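**Student:** So you can see what is in the structure, the chains are spelled out below.
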Amino acid sequence: MNTESMWYIFINACLVNNFVLAYFLGICPFLGVSGKLDTASKMGAAVTFVMLISSMCAYGIHALLVAVNAPFLQLISYIVVIASTVQLVEMFIRKMSPALFRALGIFLPLITTNCAILGLALFQTNKGYDFLQSLVYALGAGAGFTLALVLMAGLREQLGFTEAPKVVRGTVITLLIAGILSLTFMGFSGLGN
Amino acid sequence: MTILIALATLGGLTLLLALMLLLANKKLYVYEDPRIDTVEEMLPHANCGACGFPGCRPFAEALVEGKVLPGKCTVSSPEGREAIATYLGVDAGAEEKKVARLACAGGINVARNKAGYQGLKSCQAASLVSGGGKACFWGCLGLGDCEAVCDFDAITMNEFSIPVVDEEKCTACGDCVAICPKDLFSLQPESNRLWVACKNLEAGDGVLEDCEVGCTACGKCAMDAPGDLIVIRNNLPVINYKYAGLQSPDPIQRCPTGSIVWIDRDKGIIKGRESKKIIRQGAIKTGAS
Numbered sequence: 000m001n002t003e004s005m006w007y008i009f010i011n012a013c014l015v016n017n018f019v020l021a022y023f024l025g026i027c028p029f030l031g032v033s034g035k036l037d038t039a040s041k042m043g044a045a046v047t048f049v050m051l052i053s054s055m056c057a058y059g060i061h062a063l064l065v066a067v068n069a070p071f072l073q074l075i076s077y078i079v080v081i082a083s084t085v086q087l088v089e090m091f092i093r094k095m096s097p098a099l100f101r102a103l104g105i106f107l108p109l110i111t112t113n114c115a116i117l118g119l120a121l122f123q124t125n126k127g128y129d130f131l132q133s134l135v136y137a138l139g140a141g142a143g144f145t146l147a148l149v150l151m152a153g154l155r156e157q158l159g160f161t162e163a164p165k166v167v168r169g170t171v172i173t174l175l176i177a178g179i180l181s182l183t184f185m186g187f188s189g190l191g192n
Numbered sequence: 000m001t002i003l004i005a006l007a008t009l010g011g012l013t014l015l016l017a018l019m020l021l022l023a024n025k026k027l028y029v030y031e032d033p034r035i036d037t038v039e040e041m042l043p044h045a046n047c048g049a050c051g052f053p054g055c056r057p058f059a060e061a062l063v064e065g066k067v068l069p070g071k072c073t074v075s076s077p078e079g080r081e082a083i084a085t086y087l088g089v090d091a092g093a094e095e096k097k098v099a100r101l102a103c104a105g106g107i108n109v110a111r112n113k114a115g116y117q118g119l120k121s122c123q124a125a126s127l128v129s130g131g132g133k134a135c136f137w138g139c140l141g142l143g144d145c146e147a148v149c150d151f152d153a154i155t156m157n158e159f160s161i162p163v164v165d166e167e168k169c170t171a172c173g174d175c176v177a178i179c180p181k182d183l184f185s186l187q188p189e190s191n192r193l194w195v196a197c198k199n200l201e202a203g204d205g206v207l208e209d210c211e212v213g214c215t216a217c218g219k220c221a222m223d224a225p226g227d228l229i230v231i232r233n234n235l236p237v238i239n240y241k242y243a244g245l246q247s248p249d250p251i252q253r254c255p256t257g258s259i260v261w262i263d264r265d266k267g268i269i270k271g272r273e274s275k276k277i278i279r280q281g282a283i284k285t286g287a288s
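Listed in order, the protein sequences are those of chains A and B.
The letter at position 45 of the first sequence is residue 44 when you use numbering that gives the first Met the number 0, and the numbering goes up by one with no holes.
The letter at position 260 of the second sequence is residue 259 when you use numbering that gives the first Met the number 0, and the numbering goes up by one with no holes.
Just so you know, these hints were derived from the structure itself, not from any lab.
Among these hints, one or two may not hold up.
[Unchecked claim] Short derived list, chain A residues pointing at chain B, Cβ under 8 angstroms:
{"id": "1", "residue": "Met-90"}
{"id": "2", "residue": "Phe-160"}
{"id": "3", "residue": "Lys-165"}
{"id": "4", "residue": "Val-167"}
Everything numeric in this text was worked out from a predicted model, so none of it was measured.
Yeah, the Cβ is synthetic: ideal placement off N, Cα and C, and Gly gets one too.
Make the full structure from the sequences, and use the hints.
**Tutor:** Shown next, in the form of structure tokens:
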């Protein structure tokens, strides 16, 4: 399969190299907001949204840094630009759509400086994607993150009905399940780049 | 040269972004009721969740919107609630204070251990080993998980390893209810004075071999109580608190073990006349009787 094709990029980011379960990025929201299916899917949507924005920003900043011949500023400027853009978008949503803000608002400040977001920006630069490819990559990564979060939330909701021993209830069994989930995604390893 | 480019790029970038955010802050400012901050200041900042909201801030928002009354916060003092009510111009409203009550009285001076547990000093851990060392399967293990989890210092273990709740300090946050592996704690309105301090589901005098203050399901309390106030269900008296107005200390008087008690506001737990006096001050020896 052509490694440049959009489908390849999408599947690669979503399943093969899933950001949470293969790269172990964004573990904090993965464990923090996977308690309920409802919040998990909202969080997934928020992360996908921020990823798309940061992907666009990173593409622009990268072009700028190449133009002034200062690629060593990549890391710091990515963080600054992504954080402030998301802040701006958050203000915008708050003004324009209070309902959407209530649904996503509390998550947005949490994920602006998340490693999954920064990781995405750095990966797409390293892979040398063009603008459209970057967007598809971000979409795939967001979909993968949402998938992991929703899978986890579904499992944890079911866990509520099981008779797990009391000492492993809560964080312990969540971590165990996260490990098993990650192991199953290891089945995809080696298929992408 | 490089350093200049770096400085200029990053400086220009941050300046641009700062300007953008500054403008956005002005243009996209969202008005928020300033009363929310004031009301939040007046709340106890315990963020305990006893009111049913995630914290003091969401509760303050609901207060300002008039969805709830200040009385819903059982942690703040009556004066504090009154101050908020006056500030918002609403009725304070009264929410009956709830307290955590323990359905067990089997301290080490009255309840036998069938095994000596020597592991981690935690009820949660002990209950995993065949339900803990207590001879009574339902009884309090006495290792103080509830005392440790209480954020308000309302629970102290007494000399017989039984948690005692300070009703003044208890905010009914429910932490002890969640942590007790034997599910002995429950939140009760403070006015529920009649209380069954036992969860043993067995009947007959066999109960007394394990615990001197256990309920033997003799049913005397149910007979002495008016109407359907007390019924025996699963070998335990169950108090129908919907008839709470009928409560009196009478039903406890003939209880031979003192497992049904009257919790007095000032004098604490009162047992009936015919309950056996417990004189032993030390722990009962572990092992078969």
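**Student:** Does the closest beta carbon of chain B sit nearer than 8 angstroms to the beta carbon of Val-167 (chain A)?
**Tutor:** Since the shortest Cβ distance to chain B is 10 angstroms, the answer is violated.
**Student:** Taking the closest Cβ pair, is Lys-165 (chain A) under 8 angstroms from chain B?
**Tutor:** It holds, given that the least Cβ distance between Lys-165 (chain A) and chain B is near 6 angstroms, below 8 angstroms.
**Student:** Under the criterion of a CB-CB separation shorter than 8 angstroms, is Phe-160 (chain A) in contact with chain B as hinted?
**Tutor:** Not OK, violated: Phe-160 (chain A) not within 8 angstroms of chain B, min 17 angstroms.
**Student:** Quick check on Met-90 (chain A) please, does its C-beta sit within 8 angstroms of some C-beta on chain B?
**Tutor:** OK, holds: Met-90 (chain A) within 8 angstroms of chain B, min 5 angstroms.
Hint compliance for this structure: hints 2, 4 are broken, all remaining hints hold.
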